[in-house]
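Student: The lines below spell out each chain.
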Amino acid sequence: MEKVMETTNRKNQNTLDQNKSPDARALTMSVKDGIAVIAFDDPDKKVNTLNSKLIPLIGEFLKEIESSPSIQGAVILSRKKGCFIAGADIEELRSAKNAKEVESLSRKGQEVFTRIENSKKPVVAAISGACLGGGLELALACHYRIASDIPSTVLGAPEVMLGLLPGARGTQRLPRLLGLEKALSMMLTGSPVKASKALRMGLVDYVSYAEDLEALAIQAAQRLAKKNLVRRQKKKKGLSGLLESSSFGQKFILKKAKESVEAKTRGLYPAPLVLLKVIEYGLVNSFEQGLQKEAEEFGKLSQTPEARGLISLYFAQTELKKNRFGKPAQPVKTIGVLGAGLMGAGIASVSIQKGMTARIKDISLNALGKGKKQIWKELDSKVQRKSLTAFQRDQTLSHLCLQTDLHRFETCDLIVEAVFEEMELKHRVLKEVEPALRDDAVFASNTSALPISEIAKYSNRKDRILGMHYFSPVPKMPLLEIIVTDETSKEATALAVDTGLRQGKTVIVVKDGPGFYTTRILGPYMDEAALLIREGYGIRELDDAMQLFGYPVGPIKLIDEVGIDVAFHVGDSLGKAFGKRMSAQEPTLLQEFIKNKWLGRKSGKGFYLYQDKKGALAALTKKSSRTVNLEALELVEKFKVKPQKMAADLSDTQKRVAYRMVNEAIFCLQEGILSTPTDGDAGAVFGLGFPPFTGGPFRYVDTKGVKKVADEMKRFAEIFGERFAPCPLLVDMANGGKTFY
Amino acid sequence: MTEKTDTMPAIIDGVRTPFMRSHKAYVDLRACDLGRFALSGLMDRLGIDDSYVEHLAMGTVIHDPHTPNIARECLLAAGLRATIPAHTVSLACISSNMASTNIADMIRLGRIEVGIAAGVDTCSDPPIRLSPGFRHALVRWQKLKKPAQIAQELMHLKNFELADLALDAPSVAEFSNGKTMGEGCEILAQIAGVNREESDRYAARSHILAVKALKDKVFADNIVPVQIPPAFKTIDQDDGPRADTTPEKLAKLSPAFDRTFGVNTAGNSSFLTDGASAMLMTSVKRAKELGFQAKAILADYVYQAGNVLQEMLTGPAFTIPVLLNKNKLKIDDIDVWEIHEAFASQMVANMKLLKSPRFLQERLGFSKTLGEIPLEKLNVWGGSLSLGHPFGATGVRLLFTAAKRLQEQNARYAVVAGCAAGGHGSAILLENPNFT
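Chains A and B are the protein sequences, given in the same order. Numbering follows my numbering, in which position 75 of the first sequence is assigned residue number 75; successive positions increment by one, without gaps. Numbering follows my numbering, in which position 76 of the second sequence is assigned residue number 817; successive positions increment by one, without gaps.
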């Protein structure tokens, strides 16, 4: 029998009993075999987070550990499955009033973590599940780290993704533990590492296959106390070791990092640059001075609009991880995919990687072979990067069934058709497949614009039909837009949302209508861009301008990527549905392009050229083209229009293009296509690349000021035309002094 | 007549990868890749939930040292439930016959209700070893730690000879007497009095029947197409059968094993082949519950072994009579014969022995003759000579082919037989549960 002795800290016990404060329940301490076990388990949340109430509590526990002669060491662990500590409490950071307040939060964390590190008694972190941000920094303060090898165990410093930096000693401790290069890669990319990689990097000291690490961690603490266990320091070898150890080498690494950050962020994101500054400051001066700087800059960053935008986006994403339509009765086991093209194969790929079986149907084995090849390549690149073994790759692919008929389609719980975007074809496919399906199976159409109710027209099971609009390439693009009609049942929607979430997508659910949400707001955006170049704006200049605004890809480039024929059809059908507001021009220019078979990247020619010197199609190379198609320029010249009024400055140009997207997004909310601004923000950012640091179009308007934006649109409407007239909802809100959030 | 109780083992259906000549289409694949394709193909074709499957037995001949229990690796790689046990069976060319009868026994004894019998081999990737001298040295070197040991080992290098650099490749020879299969078959041909002409005639027949069967898409349900990275070109046809084969053409080839009196040539012997097969078996009761129509009941079987030299390839001749006798059946009662064709002369020899009163009397102590196997009931969709013979995969192919023929011909009984290295023979009796 093990002796379990509850903590003797009466004061804490009392607070717990009297107030039943959730914080006291979220963090408890007990003593087992001479080792204090500090356990996180927030009863009210799915994940554990660190906040200003828990951190002092750790301090109090530490005091007790140090003063009690019967305690030889401590273990910090979580009793929550799949989560050690997910990071700092972002809500608390967001509600802080000013930089000073956040700075002091950071200092409090630093102080307690420093005391852990300086404690004479060994403290062991037993990490099972997500160990992120502040959680990682807490683990870094411990004297020994054991991680479990379950898939959910990941360690990372994702603060830059929220426009922040690690604010509890991370900027100083991590480079000293891992070396500058590895630490920078962790903090700048924010991408987490698995337990096995953490061990190789020296981030943890031991990896255990047991999910419950308590016994092992207690043993480690006992042995550390007896000096019977030594942490093995990773020695850095070779050239990189030499670079790391000299101050000249460190400067060189930081300089390179800065250059690459500047090239990637175009100066739009302050956090990574500040992070580099703080790290350098600590290296040049001292650890302690570095900490001062870290806290100070952490406070300042928290108040930047970029951090606010990114944090808002983070909350949107978290919100959308919940399935508001409820859990499906039976999650999808087998998914049927019609069409083995880029989209179909992509959808099958993200499904089989999450344990579903995928049956893909296409007309020939060769077409299916191409699809399989695409999936194999994607998986094999993971094998090359060592995030998957060759065996796992083959095993995953075994769940892919290729077929030219509807063999065993009655086993499919969900069917996604990804055939060519043509109404007649979609009708034919649905008619052909329906008899082979189970009554409860859900049929989804992967389309970017074709109305779902129209597709479902001839079906007698309209309640099980919806749209699942994936973005290309499916494995990379984070968004899934689900489109429901008035007849789609809640059960069908729940199943589709659940599947999308399992496929790792951020899922928004919108109502059926021309262009749904994302395509509908993309239409006017591309329309305005095309108009601007007809007014004489340079193709590359316009793309650069919009990238400077924060879009990852310029609008003209995007037209090439989407395909000029597709862009034309989208614009045309939106124009028919919404009139002048949607298309400010006759779409003759794009029609001319189509006549010349300049369809964008896929045909090798569009507004840009995608051919190598030998004229071979460079469409498959990943490099993006910067060579403008001169023939296209001549054509644009032919379609030249008199500028309504040349944009006064860069910001007016950018706004002309961006506002049309923003205004249309607000129309979508007004018409009920969108059910919340959150859906709208996530959809625009994750689907179309709306500048992430703004937090999305709705957050953007809130931040800029609803009235200000509405007024500016009115001004634009006077100068450039009625299409800029602000949406009535926006005007109402401006008048009523309301905001979207 | 066999009793049709609930626990009788039934063959539901089987699949195989296309069988391809070695060092051709499958040259980049390991045996476990082929086995995985067959297993995932079986699951896909039959559309059954792997939660029903309780055991896998897989036959193989050429063992890749990395996958000593290849059955298990194939099962895992095919994405089947990890809690299904899997074992590998090795009995030369009748390995997957044995895998199938293993599963049949487990079902019959009520140990399991659903199992998979499978088989796989590739000759494109033989496990070639270093010479014994080199191997031993490498093992010693791994253990070296102290400088003194290393110095001593360096002294040893003096004894290293050029011959130690030669490689040790496996051959299709008997370990006990060093004779290859081809040599063994020449001995059999002489014993049974088989001439070149009848051998070539039999070989040509096999090719012509196989080509016709492929053309008629007889195997369409049983061949799972394979696509191999990185090109993913679809392979959905065997490349063994040659449409232009005639006895006259075959007659022009020179003997491959015995240049003086030999009857076996490259044209009338089975060729090295890569491929895999898999077959679902259940109890009669479970088949009904799962909604499957059983194609055949595996009613009985016989394994025997004989003299390793003279009887290396006479397995069918010394097992079929025993099986028939045991089940009180005559040759005429059997309407479906599927016999493994190792060599054309071996097939002709076995036919001759089966109708020879002397052989039956001397070898098996039978006083009565059994009659002759009519050619029109034998291997009518081609055989190993034409379709190819990936050693471990052939038995399952023969069994599901026989089961399918029972249904198509509405026949009552089938016999599947084969010979194997070591002087082994096997004969399996199938009965059609749907015979009317």
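To be clear, the hints were calculated from the coordinates, so they are not data collected in a lab. Here a beta-carbon is modelled for each residue, glycine too, at the ideal position from N, C-alpha and C. There could be a bad hint or two in this list.
Label pairs and their computed distance ranges (CB to CB) [stated by the list, open to error]:
#, chain 1, residue 1, chain 2, residue 2, range
1, B, Lys1109, A, Pro435, 55 to 65 Å
2, A, Asp439, B, Ser912, 44 to 54 Å
3, B, His807, A, Lys226, 21 to 31 Å
4, B, Leu885, A, Arg223, 30 to 40 Å
5, B, Leu885, A, Lys277, 20 to 30 Å
6, B, Pro868, A, Ser246, 18 to 28 Å
7, B, Asp805, A, Glu211, 33 to 43 Å
8, B, Val768, A, Arg231, 18 to 28 Å
9, A, Ser152, B, Ser912, 33 to 43 Å
Straight-line C-alpha distance at most 25 Å; calculated DSS-like pairs for lysine-lysine [claimed, not checked]:
#, chain 1, residue 1, chain 2, residue 2
10, A, Lys108, A, Lys97
11, A, Lys373, B, Lys1067
12, A, Lys597, A, Lys638
13, A, Lys370, B, Lys974
14, B, Lys920, B, Lys1069
15, A, Lys377, B, Lys765
16, A, Lys333, A, Lys490
17, A, Lys490, A, Lys476
18, B, Lys765, A, Lys370
19, A, Lys602, B, Lys974
20, B, Lys974, A, Lys377
21, A, Lys382, B, Lys993
22, B, Lys765, A, Lys373
Student: Determine for every hint whether it applies to the structure shown.
Tutor: Okay, the hints, checked on the actual structure:
1. Remark: the range hint 55 to 65 Å for B:Lys1109 to A:Pro435 is upheld by a beta-carbon distance near 59 Å.
2. One distance hint, 44 to 54 Å for the beta-carbon pair A:Asp439 and B:Ser912, is violated here, with the actual separation near 60 Å.
3. At roughly 43 Å, the beta carbons of B:His807 and A:Lys226 sit outside the given window of 21 to 31 Å.
4. The given range of 30 to 40 Å is respected by B:Leu885 and A:Arg223, whose C-beta atoms sit roughly 32 Å from each other.
5. Distance hint check for B:Leu885 and A:Lys277: the Cβ-Cβ separation is about 52 Å, which falls outside the suggested range of 20 to 30 Å.
6. For the pair B:Pro868 and A:Ser246, the supplied restraint of 18 to 28 Å is violated, since their beta-carbon distance comes to about 51 Å.
7. About 34 Å separates the C-beta atoms of B:Asp805 and A:Glu211, a value consistent with the hinted range of 33 to 43 Å.
8. Take B:Val768 and A:Arg231: their Cβ atoms lie about 49 Å apart, and the range 18 to 28 Å is violated.
9. Range check, A:Ser152 to B:Ser912: about 51 Å between beta-carbon atoms, so the 33 to 43 Å window is missed.
10. A C-alpha spacing of about 17 Å is found between A:Lys108 and A:Lys97, which places the hinted pair at or below 25 Å, so the restraint holds.
11. Taken as a hint, the A:Lys373 and B:Lys1067 pair is broken in the structure, with Cα atoms around 53 Å apart against an allowance of 25 Å.
12. Distance hint between A:Lys597 and A:Lys638 is fulfilled; the C-alpha atoms sit about 18 Å from each other, no more than 25 Å.
13. Restraint check: the Cα-Cα separation between A:Lys370 and B:Lys974 comes to about 8 Å, which is no more than 25 Å; the hinted pair holds.
14. For the suggested pair B:Lys920 and B:Lys1069, the alpha carbons sit about 37 Å apart, so the restraint of at most 25 Å is broken.
15. For the suggested pair A:Lys377 and B:Lys765, the alpha carbons sit about 23 Å apart, so the restraint of at most 25 Å is met.
16. The straight-line distance between the Cα atoms of A:Lys333 and A:Lys490 is roughly 19 Å, inside the 25 Å bound, and the hint therefore holds.
17. The suggested pairing of A:Lys490 with A:Lys476 is violated, with an alpha-carbon distance near 28 Å, which exceeds 25 Å.
18. For the proposed pair B:Lys765 and A:Lys370, the alpha carbon gap of about 21 Å is at most 25 Å, so the pair holds.
19. Restraint check for A:Lys602 and B:Lys974: the C-alpha separation of about 23 Å stays at or below 25 Å, so the hint holds.
20. With a C-alpha separation of about 14 Å, the suggested pairing of B:Lys974 with A:Lys377 holds against the 25 Å cut-off.
21. Taking the CA atoms of A:Lys382 and B:Lys993, the gap is about 53 Å. The hint is violated against a cut of 25 Å.
22. Distance check on the hinted pair: B:Lys765 and A:Lys373 sit about 20 Å apart at the alpha-carbon level, within 25 Å; holds.
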